[in-house]
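Sequence lines, in order, name chains A and B.
Numbering-wise, the first sequence is residues 4 to 189 according to my numbering.
Numbering-wise, the second sequence is residues 735 to 975 according to my numbering.
Be a bit skeptical, because a hint or two may be false.
[Stated by the list, open to error] In silico DSS-like links for lysine-lysine, alpha-carbon gap of 25 Å or less:
#, chain 1, residue 1, chain 2, residue 2
1, B, K742, A, K59
2, A, K59, A, K18
3, B, K742, A, K18
4, A, K26, B, K742
5, A, K59, A, K26
6, A, K134, A, K175
Hints listed in this document are in silico derivations from the structure and should not be mistaken for laboratory results.
The structure presented is a predicted model; accordingly, all values stated were derived computationally and were not measured.
So you can see what is in the structure, the chains are spelled out below.
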Amino acid sequence: MDEQTDEQLAAIAQKGNVQAFGKLVQRYESAMQRYARRFLFSLTDVDDMVQDIFLKAFQNLQSFDTRRRFSPWLYRIAHNHFLNVIRKRSHEPLPFFDPDALLPHPVAPDNPERDRQDVELQRAIATCLDKLSPVLRETVVLALIEELPHADISEILHIPIGTVDVRLSRAKVKLRHLCHHLADHL
Amino acid sequence: MNPADLRKHIEAAINTGRVHMRPRWHFVLRAIVRIAAVVLTSLIALYLVSFVLFTLRASGVGVLTGFGWRGMIAYVTSLPWLIIVVTLSLLVLLEIGIRRFGIGYRRPIAYTLLGMLMALAVSGVMLTQTNLHTRWDAAAADQHLPIFGGLYRGFGPRSQHAATAGTIIRIHPNAFSLQGDDGTLYTVTYNTNTRLPQPEAIAVGEHVIVGGDVEGTTITAFGIRPTQGNWQPGRGFRRGQ
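I would like the entire structure built from these sequences, with the hints used as guidance.
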């Protein structure tokens with residue numbers, strides 16, 4: 004089972020093979036925990052949440068189209084679950100309408116290598132990520148921590164790729180500003 | 735929790751039947767319901783767009799725009815705003831609906847909204863060219879249209895009073911008698927401020943549209959336009975007019 008792709012495992016699991024689904028759980032557990040910890044800073048029961056995500060994924064496995072990629076599908080389930088958690092438990096605002104998705108924006112090419120080597124940005128992510136709004140924070144987590152392609156983030160968040168780029172560049176500017184501001188006060 | 739524990743927990747939850755995989759038909763049915771809702775909303779929006787276009791055309795209120803600022807005000811106030819607001823609300827619902835599908839969320843909202851608006855306008859104009867609304871409007875007037883009858887009677891061409899179409903049957907000094915298309919006899923008064931592109935059009939037997947303030951059966955006209963044989967009662971101007 005180790006050589007099989009996620010999509011092949013999902014297809015096997017759709018036929019009722021629990022081990023195949025267990026293998027998918029094993030492959031994605033740490034990614035989901037990272038996503039949850041970084042996105043939902045103030046919440047502590049991450050393990051329960053990740054378990055809920057996989058149980059939801061299993062319940063809805065028949066809705067997965069095995070011709071598409073498994074990873075964005077699972078992240079989408081996690082995204083919806085996290086949003087529900089934020090709505091229920093925190094007072095962070097979750098806008099219904101995203102003005103960044105209104106107009107077209109030029110699509111910038113992914114450059115994860117450059118972001119990785121940007122020391123100032125990495126320091127800002129490590130120290131000031133929780134200061135960002137949930138919308139910007141989630142985009143940063145998916146793009147700069149999980150290092151997902153922007154096309155996948157567009158699939159997960161259900162927004163145009165141009166909007167992913169806008170959110171990301173806005174988040175980077177804000178992170179640098181917040182971190183710089185914080186350093187001045189230390 | 736270490737990875738092996740979580741995997742064991744999940745597998746145990748599945749094996750003990752605590753969690754079930756929903757059958758494929760559940761998702762197929764849900765997709766069908768969503769698509770049906772989008773299609774139904776589109777059809778209702780299309781019907782309302784064409785209804786508004788039909789009402790404007792068949793009532794002749796479009797000519798008011800040629801009668802100066804008073805005509806413009808009368809035109810704007812005679813628009814069926816309630817229907818327009820309902821249609822725009824349906825458009826917003828439609829936008830929310832299609833953003834659940836890849837075709838919707840991959841594009842900026844402005845593109846999808848504009849695309850839907852244009853598609854609705856074009857198909858609305860095409861639907862207006864058929865005689866659907868004319869027949870339903872006539873049926874509604876005769877109380878023979880059960881479901882949409884109220885819509886035509888409340889918001890259709892017959893509910894518009896800013897423009898009155900009819901035939902001049904008698905001329906008086908600065909006034910004339912107008913036999914309205916609906917059979918009502920009106921007295922139309924006019925003066926030098928009345929917009930009258932062709933003064934010779936005030937002649938017995940001429941069919942005109944009068945824009946003016948209606949009080950009972952008296953219309954104080956601020957604009958009069960002859961229809962020059964291009965008017966079809968219940969349908970409005972022929973195409974291109």
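Evaluation of the provided hints:
{"no.": "1", "hint": "B:K742 - A:K59", "in the structure": "16 Å, holds"}
{"no.": "2", "hint": "A:K59 - A:K18", "in the structure": "17 Å, holds"}
{"no.": "3", "hint": "B:K742 - A:K18", "in the structure": "19 Å, holds"}
{"no.": "4", "hint": "A:K26 - B:K742", "in the structure": "10 Å, holds"}
{"no.": "5", "hint": "A:K59 - A:K26", "in the structure": "16 Å, holds"}
{"no.": "6", "hint": "A:K134 - A:K175", "in the structure": "12 Å, holds"}
Checked against the numbered hints given earlier, the structure satisfies every one of them.
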